Every structure is written in C-alpha cells, then in structure tokens.
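Those sequence lines, one after another, are chains A and B.
The first sequence begins at 1 in our numbering and counts up one residue at a time.
The second sequence begins at 1 in our numbering and counts up one residue at a time.
No lab work stands behind these hints: they were computed from the structure.
Computed from a prediction, not measured in an experiment: that's the story for all the values here.
Check each hint, because a few of them may be wrong.
Stated by the list, open to error - Restraint-style ranges between C-beta atoms, simulated for each label pair: (1) S195/A to R180/B: 37 to 43 Å; (2) F141/A to K58/B: 28 to 34 Å; (3) G115/B to D12/A: 56 to 62 Å.
Using N, Cα and C, we set each Cβ at its ideal position, and we do this for glycine too.
There are 2 protein chains.
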Amino acid sequence: MGILILAIRPVDDDIAMLRAANIPHLFLSTSFDSQNLPFIASDDFRIGYQATDFLIKKGHKKIGIAAIDRHTYIGTQRPWLSARHADHDLPTKPAWIQDGHFTYDDGIEAMKTFGAKPELDAVIGTSDLAAIGVMNQAETFGLNVPTDLAIMSIDGTQMVKIVRPQITSVTQSFYEMGSRGMKMMLQRDMTKFESQYTPFRIDEREST
Amino acid sequence: MGILILAIRPVDDDIAMLRAANIPHLFLSTSFDSQNLPFIASDDFRIGYQATDFLIKKGHKKIGIAAIDRHTYIGTQRPWLSARHADHDLPTKPAWIQDGHFTYDDGIEAMKTFGAKPELDAVIGTSDLAAIGVMNQAETFGLNVPTDLAIMSIDGTQMVKIVRPQITSVTQSFYEMGSRGMKMMLQRDMTKFESQYTPFRIDEREST
Chain A
1 MGILILAIRP VDDDIAMLRA ANIPHLFLST SFDSQNLPFI ASDDFRIGYQ ATDFLIKKGH
61 KKIGIAAIDR HTYIGTQRPW LSARHADHDL PTKPAWIQDG HFTYDDGIEA MKTFGAKPEL
121 DAVIGTSDLA AIGVMNQAET FGLNVPTDLA IMSIDGTQMV KIVRPQITSV TQSFYEMGSR
181 GMKMMLQRDM TKFESQYTPF RIDEREST
Chain B
1 MGILILAIRP VDDDIAMLRA ANIPHLFLST SFDSQNLPFI ASDDFRIGYQ ATDFLIKKGH
61 KKIGIAAIDR HTYIGTQRPW LSARHADHDL PTKPAWIQDG HFTYDDGIEA MKTFGAKPEL
121 DAVIGTSDLA AIGVMNQAET FGLNVPTDLA IMSIDGTQMV KIVRPQITSV TQSFYEMGSR
181 GMKMMLQRDM TKFESQYTPF RIDEREST
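Construct all of the structure, not just a fragment, from the sequences and the given hints.
Here you go:
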C-alpha cells in the first residue's frame, strides 16, 4: 500500500518528506520532468499542441491562453506558441498569454485583459472553470461565442456540459488515472514503476 | 481527535460500526431526527419553508420541486407542501414533486416531466446542479428563465454563479460547518456535544 497524491504540485520540502518517509507513493494528474517522481497523468505538451492544432484547423489564427501558471512544470509543458510557430508560421504576442492558477476568476480577468474588442479569435482556458470565466466575461462584453470568439477548455469535466453554450474541451482520462493508480498501489512493486501518460481526446461542442 | 463525516447519510450498518469503534465522530451537512447522532448542518425544513416563502412573495403560486429524495430524512424534512398549505392556502399536486438524488440529470428529468408547457410557474432544485439541470431543460424547451419559469436552488456554491442566468439560491454555510466541526473535534469533549444548525440566507440572482 502507499499514498496516491492527486493533482498536487509538491514543493521541495514535500518531496524531501515523501522520500524520508519511505512509503510507496504515486502522483496522479501531475507530471514532472524528472523521472524520480512517479506519476500517471496526461501529456500536457501534447494536450496544448493538439488543442491549438484543432483551433488552427477550424480557421483560427490568433489564439490566446487564459489562466496558465507558467512557473509550474505544467505551465512550461504547454508552449503552444512555439508549436504554433513551428508548424503554421502564425504570429503571436506575449499579451495573448494570461497567467493565473486555473481558476474561474483567472478566466474572467484574462478576458478583461483581452478586452471587449479582442484581437484574438480563439481562447484556450487551462481548466474548465477558467474557460467558463473567459466565456462569461466575453458575453458580458456582448461578444457571441463562438461567432465572435471561439473558446476551448482543458479537462472536460461535467462543468463544460452544464453551461450554455457547451464548451469544446480536451477531455482528460481522470477516471483512468485513478483506476490505474489504485491498481498499481495494490498489485505492483512500486520500485519498478515507470511513469505513464493516459489518453485524452477532443470533444467538440458548441463553443468552437 | 475523531472522525468528521461529510454529507453522508449512513445506513444502519454504518451507525453500528461507528458506535462499536468508540471513536468520537461528528456528521457535517447531514441532519438526523434522532439526537443520538451528532451533527452540524442546516435546518432543512426551514430552508424549504423559506425558499417557498420567497417565491410566494414574488407572486408565484404553482411551485414544483426537482430531484428530492423523499426517502431520506432530508427529504422528509422538506415538506414545502404542508408549509404552503398552512400559510397560503395554495393548491399543489403530487406531480409537482419529482424524486431524485440531487443530481444534474435528476434536474433534467424532472423538467422533462414538468413538460414544455409546464403548469408550474416556479421550480426549486434540491441542489445547485439539480437546479441547473432544470434550467437547461427549460431553455431547451424554449422557455425563458425567469419570465416563463422561475428557478431557485438549494446550496449556493460557485455553480450558481457560473451559469447564465445566475441562479437565486438558498446559500448554506458549508465553510462554517467545516470550521465549527474541526474546532469541536480539537477542543471539546464530544460526549457533551449537542447537534446544531448553521445559518443560511437567500441570495437573489437572475433566475427569479
């Protein structure tokens, strides 16, 4: 048995404590660049890359990001800008990336910064709640979603289905992360565990 | 120290196990008719009564309930019908009360049963998600909220603020339940504990 750690980004002290405790542990829904911390999570770079690719194929050229925490590994693993640059030679601006911590209010604030007449034609929210915040602020500005502005979220929980319009999402396999994690803890020798990514898909709804 | 049990309705086996374990325990956000189980929660009867009263004062006369679990103590403590009867001599029908388990889908199903031309002029959802389900199905039917149908929810979490229109709610003191519960566990002799109700308020928004 051991500890499953859900969607938490540990600081150095946490990691030191975990190692000192010598208890098997596994991070779910949080990935790391170091293989020293075992995880089951989505591949954040691929999520960002494919979300951007989806929007570009729909004809969008000016894509913003709301509520991203650039100082975390998750943040650094979502460099849509370079992916876009490399593949499509599209322009971008630093102001099209708005920082935050994945919250609803961060989404609201990001859209306020993009403004009532945004230069952007699409925004990716780094969580469902962030995307809903972007959408609500866009509609407060009188913008039509998706006609004036397309919106996409990353997570794909029930939240994206209860709002109107329903939000197109990159849908992560949270259930599978939990299920795999529990099985690993119960059945495996964790010393041989190799970190792994779970699949994700894009669910197109009404906001794009 | 002991166990805080959050929003869980125990069955007889659970209660027997809790008592046999002889560990101090306290239920949060779940009330009971028996004083043998200690709780900190809202007074569900008063919530239902005041929600109905709020709608009646706004001029509504035909009020439905969506997603109520009548077989739980919470369900039995929300007899809005009798309260309405006693105070306002208003009519009611069994079909205006739709059972469920407080979920979004229960709200959708309740509204489908009320129909595209509902006899009701207001519906109370027994949770925020249930009320959002009612609202989304009402709008799918082409009804305008609140003009054609007023909607009110019980809980008042962030959910009621992220949907449009924002939903008028009975807002419970969940934070206070947790805070009081933790203090009790840390500071008090639980053998002397007396169950208590936390305050609630009505927050009027755009759906009524």
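Comparing the hints with the structure gives:
1. For the hinted restraint 37 to 43 Å between S195/A and R180/B, the CB-CB distance of approximately 41 Å keeps it satisfied.
2. Between F141/A and K58/B the Cβ separation comes to about 30 Å, which falls inside the hinted range of 28 to 34 Å.
3. Between G115/B and D12/A the beta carbons are some 59 Å apart, a value that agrees with the proposed interval 56 to 62 Å.
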